[in-house]
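All chains should be built: construct the whole structure from the sequences, respecting the hints.
Residue numbers (numbering that gives the first Met the number 0), protein chains in the order written: chain A, 0 to 286; chain Y, 0 to 286; chain Z, 0 to 286.
No lab work stands behind these hints: they were computed from the structure.
Keep in mind that a hint or two might mislead.
Pairs involving identical chains hold if they fit within one copy or between any two copies, as the list cannot separate such chains.
Computed list of lysine to any residue pairs in SDA-like fashion (alpha-carbon distance at most 20 Å, straight line) [unchecked claim]:
#, residue 1, residue 2
1, Lys82, Pro224
2, Lys112, Val238
3, Lys111, Leu272
4, Lys257, Asp57
5, Lys82, Met223
6, Lys260, Ala3
7, Lys257, Gly54
8, Lys82, Phe18
9, Lys206, Leu272
10, Lys236, Phe51
11, Lys257, Pro55
12, Lys257, Ser1
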Amino acid sequence: MSFAKVLLCLDTDTQPSVFDAVVAVDAGVDQLLRHGGVEPDDVRNLVYGAMFTRGPADLNNTAVFIGGTDVATGEELLAGVRKCFVEPMRVSVMLDSNGANTTAAAAVLSAKKHVPLSGTNVTVLAATGSVGRRVVRLLAREGAMVCVASRQVERALQVCDEVRKVVPNAKLVPWMTDDEESVGEALVVATVVIAAGAPAVELLPDKRRRQCDPLKVAIDLNAMPPSGLGGIQPQDKAVERDGQICYGAIGVGGTKMKLHKAALRRLFEANDLVLDAEEIYELGKTI
Amino acid sequence: MSFAKVLLCLDTDTQPSVFDAVVAVDAGVDQLLRHGGVEPDDVRNLVYGAMFTRGPADLNNTAVFIGGTDVATGEELLAGVRKCFVEPMRVSVMLDSNGANTTAAAAVLSAKKHVPLSGTNVTVLAATGSVGRRVVRLLAREGAMVCVASRQVERALQVCDEVRKVVPNAKLVPWMTDDEESVGEALVVATVVIAAGAPAVELLPDKRRRQCDPLKVAIDLNAMPPSGLGGIQPQDKAVERDGQICYGAIGVGGTKMKLHKAALRRLFEANDLVLDAEEIYELGKTI
Amino acid sequence: MSFAKVLLCLDTDTQPSVFDAVVAVDAGVDQLLRHGGVEPDDVRNLVYGAMFTRGPADLNNTAVFIGGTDVATGEELLAGVRKCFVEPMRVSVMLDSNGANTTAAAAVLSAKKHVPLSGTNVTVLAATGSVGRRVVRLLAREGAMVCVASRQVERALQVCDEVRKVVPNAKLVPWMTDDEESVGEALVVATVVIAAGAPAVELLPDKRRRQCDPLKVAIDLNAMPPSGLGGIQPQDKAVERDGQICYGAIGVGGTKMKLHKAALRRLFEANDLVLDAEEIYELGKTI
Numbered sequence: 000m001s002f003a004k005v006l007l008c009l010d011t012d013t014q015p016s017v018f019d020a021v022v023a024v025d026a027g028v029d030q031l032l033r034h035g036g037v038e039p040d041d042v043r044n045l046v047y048g049a050m051f052t053r054g055p056a057d058l059n060n061t062a063v064f065i066g067g068t069d070v071a072t073g074e075e076l077l078a079g080v081r082k083c084f085v086e087p088m089r090v091s092v093m094l095d096s097n098g099a100n101t102t103a104a105a106a107v108l109s110a111k112k113h114v115p116l117s118g119t120n121v122t123v124l125a126a127t128g129s130v131g132r133r134v135v136r137l138l139a140r141e142g143a144m145v146c147v148a149s150r151q152v153e154r155a156l157q158v159c160d161e162v163r164k165v166v167p168n169a170k171l172v173p174w175m176t177d178d179e180e181s182v183g184e185a186l187v188v189a190t191v192v193i194a195a196g197a198p199a200v201e202l203l204p205d206k207r208r209r210q211c212d213p214l215k216v217a218i219d220l221n222a223m224p225p226s227g228l229g230g231i232q233p234q235d236k237a238v239e240r241d242g243q244i245c246y247g248a249i250g251v252g253g254t255k256m257k258l259h260k261a262a263l264r265r266l267f268e269a270n271d272l273v274l275d276a277e278e279i280y281e282l283g284k285t286i
Numbered sequence: 000m001s002f003a004k005v006l007l008c009l010d011t012d013t014q015p016s017v018f019d020a021v022v023a024v025d026a027g028v029d030q031l032l033r034h035g036g037v038e039p040d041d042v043r044n045l046v047y048g049a050m051f052t053r054g055p056a057d058l059n060n061t062a063v064f065i066g067g068t069d070v071a072t073g074e075e076l077l078a079g080v081r082k083c084f085v086e087p088m089r090v091s092v093m094l095d096s097n098g099a100n101t102t103a104a105a106a107v108l109s110a111k112k113h114v115p116l117s118g119t120n121v122t123v124l125a126a127t128g129s130v131g132r133r134v135v136r137l138l139a140r141e142g143a144m145v146c147v148a149s150r151q152v153e154r155a156l157q158v159c160d161e162v163r164k165v166v167p168n169a170k171l172v173p174w175m176t177d178d179e180e181s182v183g184e185a186l187v188v189a190t191v192v193i194a195a196g197a198p199a200v201e202l203l204p205d206k207r208r209r210q211c212d213p214l215k216v217a218i219d220l221n222a223m224p225p226s227g228l229g230g231i232q233p234q235d236k237a238v239e240r241d242g243q244i245c246y247g248a249i250g251v252g253g254t255k256m257k258l259h260k261a262a263l264r265r266l267f268e269a270n271d272l273v274l275d276a277e278e279i280y281e282l283g284k285t286i
Numbered sequence: 000m001s002f003a004k005v006l007l008c009l010d011t012d013t014q015p016s017v018f019d020a021v022v023a024v025d026a027g028v029d030q031l032l033r034h035g036g037v038e039p040d041d042v043r044n045l046v047y048g049a050m051f052t053r054g055p056a057d058l059n060n061t062a063v064f065i066g067g068t069d070v071a072t073g074e075e076l077l078a079g080v081r082k083c084f085v086e087p088m089r090v091s092v093m094l095d096s097n098g099a100n101t102t103a104a105a106a107v108l109s110a111k112k113h114v115p116l117s118g119t120n121v122t123v124l125a126a127t128g129s130v131g132r133r134v135v136r137l138l139a140r141e142g143a144m145v146c147v148a149s150r151q152v153e154r155a156l157q158v159c160d161e162v163r164k165v166v167p168n169a170k171l172v173p174w175m176t177d178d179e180e181s182v183g184e185a186l187v188v189a190t191v192v193i194a195a196g197a198p199a200v201e202l203l204p205d206k207r208r209r210q211c212d213p214l215k216v217a218i219d220l221n222a223m224p225p226s227g228l229g230g231i232q233p234q235d236k237a238v239e240r241d242g243q244i245c246y247g248a249i250g251v252g253g254t255k256m257k258l259h260k261a262a263l264r265r266l267f268e269a270n271d272l273v274l275d276a277e278e279i280y281e282l283g284k285t286i
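So this is what it looks like as structure tokens:
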């Protein structure tokens, strides 16, 4: 008997993500079991249903995807899913709440195409959001010297502490960036900048960006004008501007989409995978 | 790569329509993404998920269906869907809340099989409900002289005003029908009558219907006995009774179902269609 | 035209069962229409959607499954579904809230493999839960002499009354079992015991079980240690222990799963089946 590929989608939003559903269909999932408004207490019963319906040798055909706009609750759901497993009964699971994991992985992979990351100075603007924190984590693991910039230095410090817990030898500098001047200072020695700010908020004016002499790669993840990094267009994909290799949100988005589909396909190759930011990033290196 | 046909179903009822789902499956949809309790504020995020997951050349494989018993909110959802589009990124969409569009189109198409509509006197009973209003609109576009009958003349006037906004040269007469006598008067010169009343409410007794001399076609859309037009059976499909060609709700229902499926199939032939009453009616002329 | 197999899942829990969904996929259902938080008032509209979308000759391709943890409300939903039917328009329906029907049927079928049930003394421990009550019903129909044991004798009496309404010649003895001693007494003449108690509650210690001389078959439906019947392991499937043929929850579970799938497949062979405990049990005899 051949088994249909079943993806259990646990979404923290009342209306579960249509984006994630269509991507799953296009990645070859046969049956979507979509659940909206999922709370941590719901996880056990739902995941047991995924675990105890097929034999252990066939459980690679069942997987779990965690999505929704609330990344913190998504992380709680993932912790809940892991607690359900009773070896050898388990299923593979992927976390991509708010697209944060695939976006962060795609951004860092885009930078890595152009410069080696180990020992390189990288500044992450708006580093304390769900995407920014993951970008810092991935860069720290690659051995980059990361300037962790935020309007609130306490939050930057908190991200540094968090990341050091999982990457003990991380090289991180918290930085307060509350005006154009301080953003510029955060970029004085940076070879790479990744801006993970809110939609339609300019973090660095075009003129100022052009003055950043050591800057080789500039990546902006904001799709709504004005750009986070002045002068970068959302469609930019390795476009050279003023001697800098530039990426906009849509330019990174193509890689993000490929990663998302590849990670979904990977879920069905084994029944013991946990695909969080790091695993998705590593997978991205192979495609 | 070939794309699965994905239909995003936005339903205003808490439990989304099973009727609409089964019809979609039978019309060839591969993947249903069903959402219940959808409110206007939910639309953008859901429709963006449908728009931004496939390239513009493949978006004819993704479409939106709006259903549920609340037709007014369904119309709001349709307005919301149209606002989402950013050319060339858009998907086709069909509105059929409460089956009102397909029912109205099927009723008018049934009449049109037997008499030309342009210049013909047609009386619509219970013309101010969601089906009745659409029947009036479609008849007005065909150039019929429409007697818009309702128990409350203010509501009949309101429907006339509404229809004139979209069909400026509409020939409409509002009519108050609050008893057998006034319903009879509304039919004095009618060649066609379409009764769009509530279930199990008789609008015109059998005896009175038989006295309507110029009447050639009598269509009743109420499936629950007693009939809206006395003497007509729900199963009637072009049955001659007393020199009148008669249709009951189930008789019209066969055409309605064909239209519903044809419209769903049409959705997947292009990515820029908006199928409201008029478009569904025009489609019906071709099948 | 060939029709996709559509299963309308009416679940009383807010998040509909993933277990039931995966089993349905593996039983060959093409399209699941899953509804959570279903209340008795929702049934008519949902089931009408299943009934009035395909012709009577094709309605064997549409079926209804009722699930969820609340068995009493599941029974109400089933009653509501039956009321919807208007011959020849109807669809087949299966009730398996909380897995109670398939579990009870699998337990009784397991016993029947080893001893004839007619005239045999069978003790059901924790007989007043949703599984226990069904076990009693099935045994009564087979002509067994059933000792209906419960901590509260009033509840045991109530189950006896209930079962006599549907099996008038049932041979039932209510029994109060509020300590080890009284449980032992309930087993003095039993050839078979079926324990349908709560998870992780021991009803009969190992030592005491071994002292039950006439006991030939011991079946425990509790999967969480400690076992309901001391000394039985969840994986036991016709394992001989101390001269008794023993089954644990997982041992019975294999048969339960086969029954669940067989019943789902049966649903699509006709459009007029109602699969409750008895019909599922009879189906089990043929596989």
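Now for the hints, and whether the structure bears them out:
For the homomeric pair Lys82 and Pro224, the shortest alpha-carbon distance between copies (18 Å) is at most 20 Å, but the shortest distance inside one copy (42 Å) is not. For the identical chains of this complex, Lys112 and Val238 are intra-copy neighbours only, at 13 Å inside a copy versus 61 Å across copies, given an alpha-carbon limit of 20 Å. For a Cα distance limit of 20 Å, the shortest separation of Lys111 from Leu272 qualifies neither inside one copy, at 25 Å, nor across copies, at 42 Å. Taking the closest pair of Cα atoms, Lys257 and Asp57 come within 20 Å of each other only across two copies (16 Å); inside a single copy the shortest separation is 26 Å, beyond that limit.
For the homomeric pair Lys82 and Met223, the shortest alpha-carbon distance between copies (16 Å) is at most 20 Å, but the shortest distance inside one copy (39 Å) is not. Both within a single protomer and between protomers do Lys260 and Ala3 lie at most 20 Å apart by alpha-carbon distance, with minima of 17 Å and 15 Å respectively. In this assembly of identical chains, Lys257 and Gly54 lie within 20 Å of each other by CA distance solely across copies; the values are 13 Å between and 31 Å within a copy. Proximity of Lys82 and Phe18 under a CA criterion of 20 Å is satisfied inter-copy only: 18 Å between copies versus 28 Å inside one chain copy.
Taking the closest pair of Cα atoms, Lys206 and Leu272 never come within 20 Å of each other, the shortest separation being 46 Å inside a single copy and 44 Å across copies. Proximity of Lys236 and Phe51 under a CA criterion of 20 Å is satisfied inter-copy only: 18 Å between copies versus 45 Å inside one chain copy. In this homomeric assembly, Lys257 and Pro55 come within 20 Å of each other (Cα to Cα) only across copies, at 17 Å, whereas the closest approach inside a single copy is 29 Å. Within a single copy, Lys257 and Ser1 get their C-alpha atoms only as close as 27 Å, which misses the 20 Å cut-off; across copies the closest is 17 Å, which meets it.
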